[in-house]
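**Student:** Taken in order, these protein sequences are the chains called A and B. For the first sequence, counting from 1, position 145 maps to 145 in our numbering; every step adds exactly one. For the second sequence, counting from 1, position 172 maps to 172 in our numbering; every step adds exactly one.
Since the hints were derived computationally from the structure, they do not count as laboratory data. Note that beta-carbon positions come from the ideal geometry of N, C-alpha and C, so glycine has one too. Treat the hints with care, as some may be off.
As the list claims (entries may be wrong) - Below are the SDA-like pairs computed for lysine to any residue, each with C-alpha atoms no more than 25 Å apart in a straight line:
#	chain 1	residue 1	chain 2	residue 2
1	B	Lys555	B	Leu472
2	B	Lys555	A	His124
3	B	Lys586	B	Glu503
4	B	Lys532	B	Glu549
5	A	Lys161	A	Phe126
6	A	Lys41	B	Glu503
7	B	Lys370	B	Leu50
8	B	Lys532	B	Asp554
9	B	Lys552	A	Lys194
10	B	Lys555	A	Glu76
11	B	Lys552	A	Lys41
12	A	Lys41	B	Ser283
13	B	Lys408	B	Leu337
14	A	Lys41	B	Gln259
15	B	Lys107	A	Asp8
16	B	Lys532	A	Gly104
17	B	Lys532	A	Gly168
18	A	Lys41	B	Asp388
19	B	Lys107	A	Ile171
20	A	Lys52	A	Cys97
21	A	Lys161	B	Ala53
22	B	Lys532	B	Ser457
23	A	Lys160	B	Lys107
24	B	Lys370	A	Arg183
25	B	Lys555	A	Asp8
26	A	Lys161	B	Thr22
27	B	Lys552	A	His121
28	B	Lys555	A	Phe122
29	B	Lys555	A	Phe125
30	B	Lys107	A	Lys41
What the hints assert, rightly or not - Which stretches of chain A does chain B cover? Using the computed rule of at least three CB atoms under 8 Å from a CB of chain B, they are:
#	stretch
31	12-25
32	42-53
33	85-94
34	126-139
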Amino acid sequence: MSQTFTIDGRVIPFEVGQTVMQAASQAGIYIPHLCYHPAFKPNGSCKLCTVKVNGRQSASCTLRAQSGMVVESDTEEINAERRMLTQMLFVEGNHFCPSCEKSGNCQLQATAYHLGMMSPHFDHFFPDRAVDASHPDILLDFNRCILCSLCVQASREVDKKQVFALSGRGIGTHLIINARSGRLADTDFSLADKAAQVCPVGVILKKRTGFAVPIGQRTYDQQPISVPGKVAEEIRHD
Amino acid sequence: MHGEAIAGIVDRVIARYRRDSTCMVQILREVQEACDWIPPEAIDRIQAVLGVARAEIESVAGFYSFLYLQPRGRYRILFSDNITDRMQGSEALLEQLCRSLWVEPGKVSEDGLLSIDRTSCTGMCDQGPGMLVNNRAITRLTAVRIEQIAELVRNQRPLNEWPAEFFDVADHIRRADILLDQPMQPGDALRAARERVPSDGLIASNMRSWREGLPSGIGGPAAMLDEIKRANLRGRGGAGFMTGLKWEACRNAPLKAGQQRIIVCNADEGEPGTFKDRVLLGSYADQVFEGMTAAAYAIGAQRGFLYLRGEYRYLLDALNATLNARRKANLLGRDILGIPGADFDIDIHLGAGAYVCGEESALIESLEGKRGTPRNRPPFPVTNGYLDQPTIVNNVETFAAVALIALKGGDWYAAFGTRHSAGTKLLSVSGDCARPGIYEYPYGVTVRQVLEDCGASDTQAVQISGPSGICLSEAEFDRAIGFEDIPTAGAFTVFDRSRDMFEVARAYVHFFQHESCGFCTPCRVGTSLLKKLMDKLHDGHGSPYDLGEIEKLDKLLQSMSHCGLGHTAGNPVIDTIARFRPAYEKRMVHDQFVPAFDLDRALSTARQMTGRDDSQAHLDVEQGRSA
Numbered sequence: 001m002s003q004t005f006t007i008d009g010r011v012i013p014f015e016v017g018q019t020v021m022q023a024a025s026q027a028g029i030y031i032p033h034l035c036y037h038p039a040f041k042p043n044g045s046c047k048l049c050t051v052k053v054n055g056r057q058s059a060s061c062t063l064r065a066q067s068g069m070v071v072e073s074d075t076e077e078i079n080a081e082r083r084m085l086t087q088m089l090f091v092e093g094n095h096f097c098p099s100c101e102k103s104g105n106c107q108l109q110a111t112a113y114h115l116g117m118m119s120p121h122f123d124h125f126f127p128d129r130a131v132d133a134s135h136p137d138i139l140l141d142f143n144r145c146i147l148c149s150l151c152v153q154a155s156r157e158v159d160k161k162q163v164f165a166l167s168g169r170g171i172g173t174h175l176i177i178n179a180r181s182g183r184l185a186d187t188d189f190s191l192a193d194k195a196a197q198v199c200p201v202g203v204i205l206k207k208r209t210g211f212a213v214p215i216g217q218r219t220y221d222q223q224p225i226s227v228p229g230k231v232a233e234e235i236r237h238d
Numbered sequence: 001m002h003g004e005a006i007a008g009i010v011d012r013v014i015a016r017y018r019r020d021s022t023c024m025v026q027i028l029r030e031v032q033e034a035c036d037w038i039p040p041e042a043i044d045r046i047q048a049v050l051g052v053a054r055a056e057i058e059s060v061a062g063f064y065s066f067l068y069l070q071p072r073g074r075y076r077i078l079f080s081d082n083i084t085d086r087m088q089g090s091e092a093l094l095e096q097l098c099r100s101l102w103v104e105p106g107k108v109s110e111d112g113l114l115s116i117d118r119t120s121c122t123g124m125c126d127q128g129p130g131m132l133v134n135n136r137a138i139t140r141l142t143a144v145r146i147e148q149i150a151e152l153v154r155n156q157r158p159l160n161e162w163p164a165e166f167f168d169v170a171d172h173i174r175r176a177d178i179l180l181d182q183p184m185q186p187g188d189a190l191r192a193a194r195e196r197v198p199s200d201g202l203i204a205s206n207m208r209s210w211r212e213g214l215p216s217g218i219g220g221p222a223a224m225l226d227e228i229k230r231a232n233l234r235g236r237g238g239a240g241f242m243t244g245l246k247w248e249a250c251r252n253a254p255l256k257a258g259q260q261r262i263i264v265c266n267a268d269e270g271e272p273g274t275f276k277d278r279v280l281l282g283s284y285a286d287q288v289f290e291g292m293t294a295a296a297y298a299i300g301a302q303r304g305f306l307y308l309r310g311e312y313r314y315l316l317d318a319l320n321a322t323l324n325a326r327r328k329a330n331l332l333g334r335d336i337l338g339i340p341g342a343d344f345d346i347d348i349h350l351g352a353g354a355y356v357c358g359e360e361s362a363l364i365e366s367l368e369g370k371r372g373t374p375r376n377r378p379p380f381p382v383t384n385g386y387l388d389q390p391t392i393v394n395n396v397e398t399f400a401a402v403a404l405i406a407l408k409g410g411d412w413y414a415a416f417g418t419r420h421s422a423g424t425k426l427l428s429v430s431g432d433c434a435r436p437g438i439y440e441y442p443y444g445v446t447v448r449q450v451l452e453d454c455g456a457s458d459t460q461a462v463q464i465s466g467p468s469g470i471c472l473s474e475a476e477f478d479r480a481i482g483f484e485d486i487p488t489a490g491a492f493t494v495f496d497r498s499r500d501m502f503e504v505a506r507a508y509v510h511f512f513q514h515e516s517c518g519f520c521t522p523c524r525v526g527t528s529l530l531k532k533l534m535d536k537l538h539d540g541h542g543s544p545y546d547l548g549e550i551e552k553l554d555k556l557l558q559s560m561s562h563c564g565l566g567h568t569a570g571n572p573v574i575d576t577i578a579r580f581r582p583a584y585e586k587r588m589v590h591d592q593f594v595p596a597f598d599l600d601r602a603l604s605t606a607r608q609m610t611g612r613d614d615s616q617a618h619l620d621v622e623q624g625r626s627a
């Protein structure tokens, strides 16, 4: 016997223990998110999936569903704040969509389109982040990292390797590699790793396949990210 | 340093922590104390011995301001950078020392001997300006003292040969009430608490509670808990949660196999402007430990931690000596006071320069040897705290009050203060006043009374409870300290009319930006954006547009942030805009939006390189802007 709550007036059934995000996804309702991935324990850091319950805002990926909850999600107020978060993610890194191999398959870009983000609004931070091209099969472009830590989780929990970790603090938080040299080539990372598949943006890229699928024919070129089933786990670099 | 020597140091430190990787922060801190930084060879060794991935070790080390993965010199000098230090002239002294030792702030000297930088408030506001040298606190800096320090560093004199008076820390207790005036012998409070447990079934109840937990999972004797409830004690860390309710929830939390209940004393006193915990731990440590032991008695805990901020490293040896004396006196250890099964002991863990670890779940993460990132809640620490065990985290002052309540009883205690704020509060008074220091008042005291007592004159504003608290202007000085009106963790910072409240707010915004843990987007980026906006106003590029932006950012920080740091990061700005608007208006030098980017200033490097500074090498700034 499942219980129900509502999101923007729609009745959503849920199993006890499910989060608002899980129940919403199951019901085909899209709540914008970047650090959430159904295969992993919710992180709750990007805050894009924030919804309002009883006047209080909370990340829906970590919020347990309760019977009778009245959840607001797709409102102008919340979407405006989500748009601002997206702009923040754009300006703290170096994101140049027109020249990015991930363009069209990038969740950050697709989410920005979904939220109607027309400009980055804030001044760019232009952080200095070096690219790591040391690995024979994989390129790391840290300029695009949004610190979702999905690669950290995937490498630790699925691949049992701990290739990635977050270090630093505050605005200086950054992704590090598990090698004394700090280079990906000096790890046991491989293209078959789960961690190579989960990046929502264009940090972890397969070499020698760039632009094999032309821009215009990519995942989010064909359907917006809000269409059910078009989130992280379906994206592959082929 | 030789690789073998480093490995030897690491092995010794790791052995002392029983090869326990949950002590990672302590291991890294002690390795650094021996090596002056955390060299790659040390990480190699920790990785090999503990079997923890190198990235994970670097991830932890990289989080804390006082842990260095790059060489920082043998003398690591950090100037306390609270607004009160600045008011006492810290910036000029920092410049003086940098000039004298030929080094730039934030960089290591070319010979690798030293580094000079700023750090968040070191808790010496009543005797500033302050600094830390290799985590040892130096107070009352003057130009003369700075010259002496420069000389000592130049001659490479070891710190223990520096004049002892440099390291003097005074208590400055200006007003003592029931808490600070109560002479208490170690053990008095525990004995009094035990007297109150009905003799009926005393031993049985204690044995079950302290050693195994009752079959139903319920903890210690209810009598001590009842006193705390009768006292109406509320947490002294600022939020004011009812201590009795917190303890009861922890006491009633079910234990899984192999688990125990945990007591944590939060001595991560990082809120700029507060220093009362420093005084309590310096001169009333027995009372604080006794309060922790009484709490253990009430909830049936066997293990306790004091989480001491790294800035108070200088207190560590004396605190450990107090713990040892208590062990000898059978006030810690097994069968405390001869009560069968009453087992409890306390370990001290040091922080390493991270304000966010004052947030209880971040503190617990740090205690577990991780980055101090606040957890997702629920579940709360009372059920799932340290290593997933039921845990209470209380402030230093709360535990000192607990000892007093154990001694004198809850009804006695509840008679002091006001209806919803029982007892007394320690205020850390600093800033523009004649007598900065610790003032203990029954709750309900007005701001005006405190100002009068501390000898403040011509007062413009008082910042209560630090940057995350509230800024009051003169019209509000009749308001009262207490949970009914102005709750506070204890900071009371006075600003007279000569102070620019915009600059005060800007300093606090810089503080939050520096201390944001970086976990959630709104706080990580939002505090940086807020800092940029305040700097933009400071630099003369402000327009009404920027005020609107500040308000938007504040709203986002409040609604979307993961923890209290982000929620309150905009407070200093919003409070001062509301109360001291002219300080902002005079910075609205333009009617229309002006970018923060200054074209002319951007050319300064080119001018320097070409050795030109004629008019042709400058842009017409006004024209440039209107174009």
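**Student:** Against each hint, give a clear statement of whether it holds in the structure.
**Tutor:** Do the hints match the structure? See the list:
1. B/Lys555 with B/Leu472: It holds: about 21 Å lies between the C-alpha atoms, which stays within 25 Å.
2. B/Lys555 with A/His124: Given pair B/Lys555, A/His124 holds - Cα atoms ~21 Å apart, limit 25 Å.
3. B/Lys586 with B/Glu503: holds (12 Å)
4. B/Lys532 with B/Glu549: Holds: B/Lys532 and B/Glu549 sit about 11 Å apart, inside 25 Å.
5. A/Lys161 with A/Phe126: violated (31 Å)
6. A/Lys41 with B/Glu503: violated (43 Å)
7. B/Lys370 with B/Leu50: holds (14 Å)
8. B/Lys532 with B/Asp554: Holds, at about 13 Å.
9. B/Lys552 with A/Lys194: violated (39 Å)
10. B/Lys555 with A/Glu76: holds (15 Å)
11. B/Lys552 with A/Lys41: violated (31 Å)
12. A/Lys41 with B/Ser283: Violated. A/Lys41 to B/Ser283 sits at ~45 Å, over the 25 Å cutoff.
13. B/Lys408 with B/Leu337: holds (19 Å)
14. A/Lys41 with B/Gln259: At roughly 24 Å apart (the allowed maximum being 25 Å), B/Gln259 and A/Lys41 satisfy the hint.
15. B/Lys107 with A/Asp8: violated (54 Å)
16. B/Lys532 with A/Gly104: It is violated: about 32 Å lies between the C-alpha atoms, which goes past 25 Å.
17. B/Lys532 with A/Gly168: Holds, at roughly 20 Å.
18. A/Lys41 with B/Asp388: holds (16 Å)
19. B/Lys107 with A/Ile171: Satisfied, since the Cα-Cα distance of roughly 19 Å is no more than 25 Å.
20. A/Lys52 with A/Cys97: violated (31 Å)
21. A/Lys161 with B/Ala53: Holds, because 9 Å separates the two Cα atoms, which is no more than 25 Å.
22. B/Lys532 with B/Ser457: violated (33 Å)
23. A/Lys160 with B/Lys107: Given pair A/Lys160, B/Lys107 is violated - Cα atoms ~38 Å apart, limit 25 Å.
24. B/Lys370 with A/Arg183: holds (23 Å)
25. B/Lys555 with A/Asp8: holds (22 Å)
26. A/Lys161 with B/Thr22: Within the cut-off at roughly 20 Å; holds.
27. B/Lys552 with A/His121: holds (13 Å)
28. B/Lys555 with A/Phe122: With a Cα-Cα distance of about 16 Å, the restraint between B/Lys555 and A/Phe122 holds, given a limit of 25 Å.
29. B/Lys555 with A/Phe125: Judged against 25 Å, a Cα distance of about 22 Å means the pair holds.
30. B/Lys107 with A/Lys41: violated (40 Å)
31. 12-25: violated (count 0)
32. 42-53: holds (count 7)
33. 85-94: It holds: at least three residues are needed, and the stretch 85-94 of chain A offers 5 whose Cβ sits within less than 8 Å of chain B.
34. 126-139: violated (count 0)
Checked against the numbered hints given earlier, this structure breaks hints 5, 6, 9, 11, 12, 15, 16, 20, 22, 23, 30, 31, 34; the rest are met.
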